[in-house]
Each structure stands twice: as structure tokens, then as C-alpha cells.
Amino acid sequence: MPETTGISDQTKKVLIGVAAAATVAGVGYMAYKSLSGSDLDSDLEAIKSLGNLKFKEKNYEEAIKEFTRGIEKAGPNTNNTVVAMLYQNRAACREKVGHTSFDILNDCLAALKVDKKYAKAYLRAAKALNDIGKKQDALAYLLAAFTLDSNLNKANFEFFGKLLTVEPLSDCFIGKPLKIEEVKPAPVALFRIQQWCDTWDVLDLFKTDLTKFEPDVLSEDQKQYQLSLELFKKGKYEDIINLLSAENNYAPAMIFRGKMLCYSMDPNEATRYVDKNEARINEMIGNEENEERKKLMRDAFDVLKIELMYTMEAVDKFLQSLPTDDKERLFKLNSFAAVFVYNGCVLDTTCSSHEEQMMADTNNANRLLEEAAKHGTLTPHLTMIAAFLKLCTCEDYGDVHRRIREMEELTEQRSTHFNLILMSKVYMMTNNAESSEKLLNEAAKIKTRYLVPSRHLQTADLHVHKPEDERLRLTTASANAALEVDPFNFSAHVLHLLGTNGPEPYIKKSNYDQAMESIRKAALFAPPRELLMLKRMIPLMNAKKRAAEMLDMY
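Position 337 (the sequence shown) corresponds to 337 in full-length UniProt numbering; numbering is contiguous.
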């Protein structure tokens with residue numbers, strides 16, 4: 001007979017169960033002992049894994065305890081990248097349980113002290129910095145994260161845009177270009193001259209005087225005025241302000257001086273000049289015996305007043321103050337105001353971003369043109385703008401084609417430089433580069449100085465689908481061509497900025513210095529709407545610089 005232990009089968013089952021439990025406990029004990037051993041790297045990895053498991057189970061408090069245990073075990077002097085993960089993972093847990101942004105930030109900074117190339121830690125630090133009101137620091141940390149891991153860009157693009165938001169009337173100081181005071185004669189805003197001349201088919205004393213100014217006897221003040229008109233015809237706009245003295249008391253000359261001051265580096269001087277002389281100018285306009293000339297001077301002075309305005313509210317208030325029975329005046333001034341707004345020269349203070357301002361300008365310009373049309377017939381030029389504005393807000397595919405065809409017919413009827421350039425822009429918007437290039441070549445035959453830069457700048461759009469290196473080279477060439485004619489053209493300097501900096505979320509020192517000067521040059525004559533964009537560029541460039549410094553890439 002086989003030997004037996006005298007233990008019943010039921011007792012055996014109990015003992016086997018106890019033995020199994022003891023085995024599991026022993027394994028757990030051995031695992032715990034191994035965590036207390038000398039192999040620090042494997043110990044920390046095990047703790048991290050356990051903490052991550054607790055995190056996945058949404059047991060965040062226990063996860064914090066595990067990550068803290070690992071951090072304490074590592075001690076203060078380790079360079080182990082696992083420690084960086086422990087800090088970053090603990091920061092993630094702190095977010096979940098509602099710990100303060102300062103606690104989260106401290107963990108992220110501790111992680112980066114161990115591993116300065118840790119993308120997730122930069123990203124989480126950026127969010128914590130934003131939460132405590134340090135937007136500029138947050139932007140730098142976010143760009144560092146983007147530099148290290150481009151896959152983070154898309155998911156955090158909205159956050160990036162939030163960090164770039166600048167209030168429309170905020171005092172974001174850009175400064176003047178280097179050595180600008182040495183430029184002689186002082187530059188003027190060529191795009192503003194183009195904008196003014198774009199409405200000459202509606203109204204203008206000065207266009208009339210360029211061809212018809214022939215007084216019987218010329219006073220010295222009138223001689224100054226006549227010479228200034230000659231300079232304008234020759235495209236020597238910078239010389240006009242030095243010719244028209246502040247002491248000139250001939251009303252058209254005073255209005256002309258005010259306009260050129262408005263286009264100068266200090267448009268506030270124009271405001272001071274007009275405030276000082278407004279009563280005198282109004283008196284002389286009232287004393288003009290020729291009714292046609294009186295209306296021309298009054299309208300020219302009204303246009304100057306609009307050009308000195310900075311907000312949409314001010315423009316609307318001025319237009320609403322005009323006599324409601326003077327349809328011709330209402331037509332002219334609403335027409336000019338529409339072009340002024342279309343070009344981004346006033347701010348709608350309800351907007352908080354460049355994108356919102358663009359849409360507001362479209363809607364406001366369209367509204368003003370509709371108001372002008374109630375009092376007169378829109379010229380072909382204004383009709384072209386109205387069609388473009390409606391095209392920009394079309395939602396129906398059929399309407400888009402109708403608007404494009406309308407613009408094509410207007411361009412065929414009147415192939416002005418403005419119409420050719422705007423139509424070429426529309427063709428590029430619809431990926432019709434061949435037709436766009438054809439119109440740009442036609443526009444190149446028109447040599448008027450203030451028109452030329454816009455053609456060169458539109459040419460840059462022809463290269464948008466080319467390989468990046470070629471595109472940057474060709475767009476920079478387009479910018480250079482515009483700058484040869486207009487050295488302080490804001491759009492050309494923005495193109496330069498994109499060409500020297502590119503899409504990288506960091507910037508090197510040589511490019512940083514060049515980029516900041518491009519911003520300063522662009523801002524010199526930028527309309528208020530574009531200043532919103534440039535104001536966003538300042539913190540962006542500074543954040544790119546700091547991101548590069550943190551990553552040892554500057």
C-alpha cells in the first residue's frame with residue numbers, strides 16, 4: 001500500500017490554496033525588495049510603470065504617491081531622464097486632481113532641469129504659465145515644444161493663436177527702423193497715396209488742379225502749390241512736404257500739406273496741423289466764389305478729415321453728421337470711406353484679432369458702398385471693389401462664379417492697374433495662375449510709381465505652390481522689386497520677414513535681428529489693421545528667440 005500522510009483531501013485543498021497565496025505574497029515582497037535595491041534605473045522604471053498604471057486607472061492620488069516615491073528615491077543629483085518623466089507625469093496628475101498651476105509648473109520646470117529637450121514638459125509648462133497670466137513665457141515654452149515635436153502643432157494650434165492675441169488699441173511698442181532719421185528726404189506712405197488716387201474717379205480737387213490749375217495771378221503761396229502739383233505728377237512725393245511750408249495760407253495748399261503730413265512718419269503732426277488751421281480753412285472755403293471749386297475744396301478737406309480717423313466709430317459718426325439732403329456729398333464721402341476701410345486704415349474696436357478685423361473691414365466697406373449707391377452710381381472702380389467684397393462673403397458656389405464673371409467683365413471694360421491687380425488676385429484665389437500671370441504682365445505696362453509695388457507683391461502669389469526653397473527665393477525677389485520703388489512698403493517687409501525666418505518655431509540670432517528690423521520697417525507705414533498682425537509678430541519673435549536659447553539653438 002502506498003504511504004499516506006493521513007491528511008484528508010479537503011485539507012489538502014486548503015493547504016494548496018495557502019501555498020499559492022504565500023507564493024503570490026512572496027513575489028510581491030521580492031518585487032518590493034527589488035525596488036529598494038541598488039539598481040536605481042530599473043527601480044525608477046518600475047515605479048514609473050506603476051504610477052502610469054494608476055494614472056490609467058484614474059487613481060490620480062495614488063499615481064502622485066508613486067511618482068513622488070520615485071522622485072524621492074532618485075534624490076536631488078540625478079540626471080536620469082526617467083526622473084524627468086516622473087516629474088512630468090506627476091504634473092499631469094496634478095492637473096487631473098486640480099492642484100495649483102504653480103505646483104504643475106514647478107514639476108514641469110524640475111523635469112526640464114533634468115531633460116531640457118522634453119517636449120511634453122514644455123507644453124504642459126506653457127499651459128501652466130498661461131494659467132498664471134505669463135502669456136509671453138507661455139508662448140516661448142510652447143514654441144520650444146513645437147520645435148522638439150512638430151506633431152504637437154496641430155492639436156495645440158488654437159492655444160497658440162490664443163497666446164498671440166493682441167488687443168487692437170494696446171500699446172505694443174514696435175519702434176522705428178534703425179537710422180531712419182538719416183533717410184533724406186523723409187519717406188512717405190506710398191500705399192496711402194495709391195488709396196487716395198484710387199478714388200479720383202469719384203472726387204478730387206487735386207486731380208482737377210493737376211490739369212486745370214491756372215489762376216490769373218500767382219501769389220507766392222499759389223506758386224508753392226503749383227510746384228507741389230508738378231512734383232506729384234513726377235512721383236516725387238517725398239519732396240512735397242518740404243515745399244509746402246507751414247506758413248502757406250492758400251487753402252488748397254493747406255489741405256495738400258495736411259494730406260502729405262498724414263502720409264508721413266508722424267501722422268499725428270497732420271492732426272495737430274489740421275486742428276490748428278481748421279477754422280481758417282473752413283473760412284476760406286466759405287469765401288470761395290466759384291461754386292464748383294468750393295465743393296471740391298470742401299470735399300477734399302472732408303476726405304482729409306476721414307484720413308485722420310483711427311476707428312470705424314469715428315468714421316460712422318462723421319458720415320452721419322453730413323446733411324441728409326446733399327446726395328452728391330454723401331455719395332462721394334461714403335465712397336472714399338469705403339476704400340479707406342477696405343484698405344484696413346481704421347479699426348473696428350469690437351474686434352480682438354487681425355482675422356476678425358479683416359472680416360469687419362469687409363462687412364463695413366460693403367456697407368459703406370451700399371450706402372454710397374443710394375446716393376449715386378458707383379464708378380467702375382468702386383463696382384469692382386463691391387464685387388470683390390461680395391465674392392469674399394459668398395457661400396453659394398453659383399454666386400462665386402457669377403461674381404468672378406462680373407469682375408472679369410469689369411476688367412475687360414476698364415483695364416486699369418487696380419482692376420488688373422485685383423482680378424489677378426481673384427485668379428490666384430481660384431488656382432488660375434496662368435490667367436493671373438497674364439494680367440500681371442499687362443499691368444506691368446503701367447509705370448506710375450505709386451502703383452508699381454502692388455504688382456510686384458501680387459506676383460509673389462504666383463510662387464505659392466513651388467518647393468519651399470524656390471518659393472522663398474522668388475517671393476523675396478518680388479519683395480525686393482517692390483522695395484526698390486517703395487523702401488518702406490509694409491507688405492514687402494512682411495514677405496522679407498517670412499523669407500528670412502520661415503515656418504520654424506525658433507529663430508537664430510542673425511535671422512532674429514533681421515526679422516525685428518523688417519517688423520520695424522513694415523510698421524512705419526502699416527495701416528492699423530496690419531499693425532495688429534505686426535504687433536503679434538513682436539511677442540512671437542521674442543518667444544522664438546527664447547525658445548531657441550532654452551534649446552541651445554540660438
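A portion of the hints provided could be inaccurate.
[To be verified] Calculated pairs, SDA-like style, for lysine to any residue (alpha carbon to alpha carbon, straight line, at most 25 Å):
hint, residue 1, residue 2
1, Lys295, Ala270
2, Lys508, Thr476
3, Lys127, Lys176
4, Lys127, Thr476
5, Lys207, Lys176
6, Lys176, Ala186
[To be verified] Per label pair, the in silico range of CB-to-CB distance:
hint, residue 1, residue 2, range
7, Arg473, Arg449, 22 to 28 Å
8, Arg473, Asn290, 29 to 35 Å
9, Asn441, Lys236, 48 to 54 Å
10, Arg449, Asn268, 23 to 29 Å
11, Leu551, Glu278, 52 to 58 Å
12, Glu288, Asn431, 49 to 55 Å
13, Val183, Glu288, 34 to 40 Å
14, Leu210, Asn268, 25 to 31 Å
15, Lys65, Cys392, 16 to 22 Å
16, Ala155, Ser42, 48 to 54 Å
It is worth saying that the hints were derived from the structure and are not from the lab. By construction, the Cβ of each residue, glycine as well, lies at the ideal position given by its N, Cα and C atoms.
How the hints compare with the structure:
Taken as a hint, the Lys295 and Ala270 pair is honoured in the structure, with Cα atoms around 22 Å apart against an allowance of 25 Å. Straight-line distance between C-alpha atoms of Lys508 and Thr476 comes to about 19 Å, which keeps the hinted pair within the 25 Å bound. Note on Lys127 and Lys176: the hinted pairing is violated, with a Cα-Cα distance of about 33 Å set against a maximum of 25 Å. With a C-alpha separation of about 36 Å, the suggested pairing of Lys127 with Thr476 is violated against the 25 Å cut-off.
Under the criterion of a C-alpha separation no larger than 25 Å, the hint pairing Lys207 with Lys176 is inconsistent with the structure, at around 33 Å. With a CA separation close to 13 Å, the supplied pair Lys176 and Ala186 stays within the 25 Å bound. Distance hint for Arg473 and Arg449: a CB-CB separation of about 26 Å, consistent with the stated range 22 to 28 Å. Arg473 and Asn290 have their C-beta atoms about 56 Å apart, which leaves the hinted 29 to 35 Å range violated.
Hint check: Asn441 to Lys236, Cβ distance near 28 Å, so the stated range 48 to 54 Å is violated. Range check, Arg449 to Asn268: Cβ separation about 26 Å, and the 23 to 29 Å hint holds. Taken as a hint, the range 52 to 58 Å holds for the pair Leu551 and Glu278, whose Cβ atoms sit roughly 56 Å apart. One distance hint, 49 to 55 Å for the beta-carbon pair Glu288 and Asn431, holds here, with the actual separation near 53 Å.
Between Val183 and Glu288 the beta carbons are some 38 Å apart, a value that agrees with the proposed interval 34 to 40 Å. A C-beta distance of roughly 28 Å is found between Leu210 and Asn268, which places it inside the suggested range of 25 to 31 Å. The supplied range of 16 to 22 Å is broken by Lys65 and Cys392, whose beta-carbon atoms lie about 57 Å from each other. Our hint of 48 to 54 Å for Ala155 and Ser42 is violated, since their Cβ atoms are close to 33 Å apart.
Comparing the model with each earlier hint shows violations of hints 3, 4, 5, 8, 9, 15, 16; every other hint is respected.
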